[in-house]
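Since chain A is already given, all that's left is putting chain B on it; use the hints.
Number of protein chains: 2
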Amino acid sequence: MEFKEKLKIYQNQINKELEKYIRKNECPEKILNNSMEYSLMAGGKRLRPILVIVTYELFKKDIEKCLPYAIAIEMVHNFSLIHDDLPGIDNDDFRHGKPTNHKQFNEATAILAGDGLLNNAYMVISEDLKNTKENLDTKLKVFNEFSYSVDRMIAGEYVDTEYEGKEIMEEYLDYIHINKTGALLKLCVRMGAMLANCAENDLNKLTNYAEKIGLAFQIKDDILSEEGNEEILGKPVGNDKELGKCTYVSKYGLNGAKEKLDIITKEAINELKEYGEKAEFLKQLALYIQNRNK
Amino acid sequence: MEFKEKLKIYQNQINKELEKYIRKNECPEKILNNSMEYSLMAGGKRLRPILVIVTYELFKKDIEKCLPYAIAIEMVHNFSLIHDDLPGIDNDDFRHGKPTNHKQFNEATAILAGDGLLNNAYMVISEDLKNTKENLDTKLKVFNEFSYSVDRMIAGEYVDTEYEGKEIMEEYLDYIHINKTGALLKLCVRMGAMLANCAENDLNKLTNYAEKIGLAFQIKDDILSEEGNEEILGKPVGNDKELGKCTYVSKYGLNGAKEKLDIITKEAINELKEYGEKAEFLKQLALYIQNRNK
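Here the protein sequences line up with chains A and B, keeping their order. As numbered in the working numbering, the first sequence has no gaps in its residue numbers, which increase by one up to the final residue, 294. As numbered in the working numbering, the second sequence has no gaps in its residue numbers, which increase by one up to the final residue, 1294.
Only chain A is shown next, with the shape it has when bound in the complex (with noise of 0.2 Å):
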C-alpha cells in the first residue's frame, strides 16, 4: 500500500477514536464544548497519535492498547495549538485555513476550551488506569512521562515567546525546538515503544529516531513559515521574520536549514535500519515530515 494511503487509513482511525470523546450532550457548558470539537477536529495531520500507534505496531499488533495514550497526546497538541494562536501569545487568526479558536469563538472560550483540552488528556489517562490493570507498572511510567513531556512543551513555548523579536544564541534556539515541539514527538515514540513494553535497546534507538524526527519537523516548520504556500499551509507565510522570530531559517539561512533537515532525516532513518520492513511506515514518516508542504 502507498505511504499516503496508509496515512490516511491511520488519520481516519484517529478521527473516529477522537469523535468518541467529543461531547454533544444539551449543558449549558454547550458552546465550550463545541470549541474544543471545533480544534479538535479542524483537520489536523494526527502525526503525534499515528507516531504512537505506529512505534506500537513494530512489536504489537493489539493497538487498542495504546489508543487512549494516542488520543490524550492529540488533545494536548490541539490545547497548546489554541492557547499559542491566543492573542496574548502569537495573534494568529488562521491554522489550518480556519480562524483560530478565539477569532470563531472568543477569547475567554479559547482559554477555557485550552485548559479543558489540556485537563481532558488526563481524564483519557485516568479512566485508562482506573480499569485495567493489565501492564500498570508500565502504565504508570507512560503517564509520568508524559506530565513531564507536557511540562517541557510549555517551557519551550514560553522560551520561544520570551525571545521573540531578540537576537538569541544557538543553544537557546535548540533548547526552544527541544522542548516546545520535541518533548511531545518524543513522548509519542516512546509511548508506543513503552506500551508495547519493547527492550531497553529497542527504546534507545527509537528514543534516538524520535529526537532527530522532532528537530527535523521544526526546522520544516521554519522552512515551510518562509517558503511555503498560503493556500496550502492554510496560514500566513512569513510572519515568522516580520515578528522577528528566532527560527532555524533566520539562524542559518534558507539554504542552510535545507540542508540540516536532509542530514538529520537521514539519520533518523538509520536509527530503523535494523527493523527492515516493519518500519517502513516510520521510515516514510521521516520523509513525509521532511518534504511536505503543509
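Calculated from the structure, these hints are not laboratory results. It is possible that some hints are incorrect.
[Said to hold, decoys possible] Below 27 Å or equal to it, Euclidean Cα-Cα: the simulated BS3-like pairs (lysine-lysine) are:
1. B:K1130 / A:K60
2. B:K1294 / B:K1251
3. A:K141 / B:K1024
4. A:K60 / A:K16
5. B:K1166 / A:K103
6. B:K1045 / B:K1103
7. A:K130 / B:K1065
8. A:K205 / A:K266
9. B:K1133 / A:K133
10. B:K1004 / B:K1045
11. A:K141 / B:K1141
12. B:K1020 / B:K1141
13. B:K1061 / B:K1205
14. B:K1141 / A:K133
15. B:K1020 / A:K141
16. B:K1004 / B:K1260
17. A:K141 / B:K1065
18. B:K1251 / A:K30
19. A:K98 / A:K20
20. B:K1016 / B:K1098
21. A:K166 / B:K1030
22. B:K1103 / A:K166
23. B:K1278 / B:K1006
[Unchecked claim] Anything over 12 Å on all C-beta distances counts as not near chain B; from chain A, calculated:
24. I63
25. E230
26. E280
27. R292
[As the list claims (entries may be wrong)] Sample of chain B residues at the chain A side, in silico, Cβ under 10 Å:
28. C1027
29. P1028
30. G1088
31. I1089
32. T1109
33. N1119
34. D1137
35. N1144
36. S1147
37. E1157
38. Y1158
39. Y1175
From the three backbone atoms N, C-alpha and C, an ideal C-beta is built for every residue, glycine too.
Positioned in the frame of chain A, the structure of chain B alone reads:
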C-alpha cells in the same frame, strides 16, 4: 488550641510543602517558573489542601500519604485564578492585594503559568502513583475523580463567563457554583476521605458536608464582593454589580443571601455530628467560611 492558631499551623505546613515543588534553578524558562511561584505563594488561604488533610485526619494520622493530592489541588486552584483574572476573562488587576499574574508579568506568561500549574498538578499525582504501590486502586480512583472535578470547574467558569451581564435562571446560578467552586471543594473532602479508606457511609456524609460548605463559600464570596472591605479583601469591591454578574446577591438580595448562608452552614455542621470532638476543626472551618472577611 484556638481555631485560628491551628489554621495557621496547617497553612504553614502547606506553604512549606509547596516550597518543595517550586523550581529555583537557572534555566531559560526561569521567569515562567517565577510567575508560577508568584501566584502559588501569593498568600492564599490554603482552604482546599487543608480540607484534604483535615478530612484525612478524621480517620488516619499519617497525613504525608495525602499531601501530594493536597498540593495538586492547590496548584489547580491557582491555575484557575490566574486564567480567570486574564484580560480575556475577568480582567482583574489585583488578587490577594497584589497585582494579578498578567499585571506582574505579562499576558503570555500568565497564560503559560496557568497551563504549567494545571499540568504540574498532574506531575505531582503521577510521581505519587509511580512511587507508591500501596493503596493504588484507591489512588487511581482519586486521580480519576480529580480530573473529572477539574473538568467541572472549567465548565462552571465557562458558564459564569458566558452569562455575565445576562439575566439568568436560578438553575443556572446553582449550576455555575456547583461546578465552578463546589466541584473542587467537594473533591478535597472526598479525596481526604477516600485516601484514608473510610467507609461508604462516612464518605456520603462528608460529601454532603462538602457540598454545603461549597455553596456557603460561594454565597459568602458574593456577599464579600458586594460589601467587603477592599483593603482586607485585596481586590476591588462592587465589580460583580458593575459587570452585571449573576451572583447570589443579585438574585436574592444581600439579606436573602445572608439568610441562605446561615441555613446552609448549620446544615453542613449537622452532617458532622456523629464524629463529635474529632470533627471540631471541620466544624470550625464551616463557621470560618461563613464569617471570613476575605
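*Sort out whether K60 of chain A lies within 27 Å of K1130 of chain B, counting only the CA atoms.*
Distance of about 24 Å is within 27 Å: holds.
*asked:* Next pair to validate is K1020 of chain B with K1141 of chain B; report whether the Cα-Cα distance is within 27 Å.
replied: Answer holds: K1020 of chain B to K1141 of chain B is near 26 Å, not above 27 Å.
*Restraint status (C-alpha distance of K205 of chain A to K266 of chain A at most 27 Å)*: holds, 14 Å
*asked:* Quick check on the hint: Y1158 of chain B CB to chain A CB, less than 10 Å?
replied: At about 4 Å, which falls below the 10 Å cut-off, the nearest Cβ of chain A leaves the hint on Y1158 of chain B intact, so it holds.
*asked:* With the threshold set at 27 Å, check whether the alpha-carbon distance from K1294 of chain B to K1251 of chain B stays at or below it.
replied: holds, 22 Å
_Against the 27 Å threshold, does the CA-CA distance of K1103 of chain B and K166 of chain A hold or violate the hint?_
Within the cut-off at roughly 22 Å; holds.
*Hey, K1166 of chain B versus K103 of chain A, does the alpha-carbon distance stay inside 27 Å?*
Holds - the C-alpha atoms of K103 of chain A and K1166 of chain B are around 22 Å apart, at most 27 Å.
*asked:* Just to be careful, I want the Cα atoms of K1061 of chain B and K1205 of chain B compared with a cutoff of 27 Å; is the pair within it?
replied: holds, 20 Å
_Proposed proximity, K1006 of chain B with K1278 of chain B (alpha carbon, max 27 Å)_ = Answer holds: K1278 of chain B to K1006 of chain B is near 14 Å, not above 27 Å.
_Pair hint outcome, K1004 of chain B versus K1260 of chain B [Cα-Cα no greater than 27 Å]_ = holds, 25 Å
_Between the alpha carbons of K1020 of chain B and K141 of chain A, is the straight-line distance 27 Å or under?_
With a Cα-Cα distance of about 22 Å, the restraint between K1020 of chain B and K141 of chain A holds, given a limit of 27 Å.
*With a cut-off of 27 Å on the C-alpha distance, tell me whether K1016 of chain B and K1098 of chain B pass.*
Holds, because 21 Å separates the two Cα atoms, which is no more than 27 Å.
Every hint, counting from the list given before, is met by this structure.
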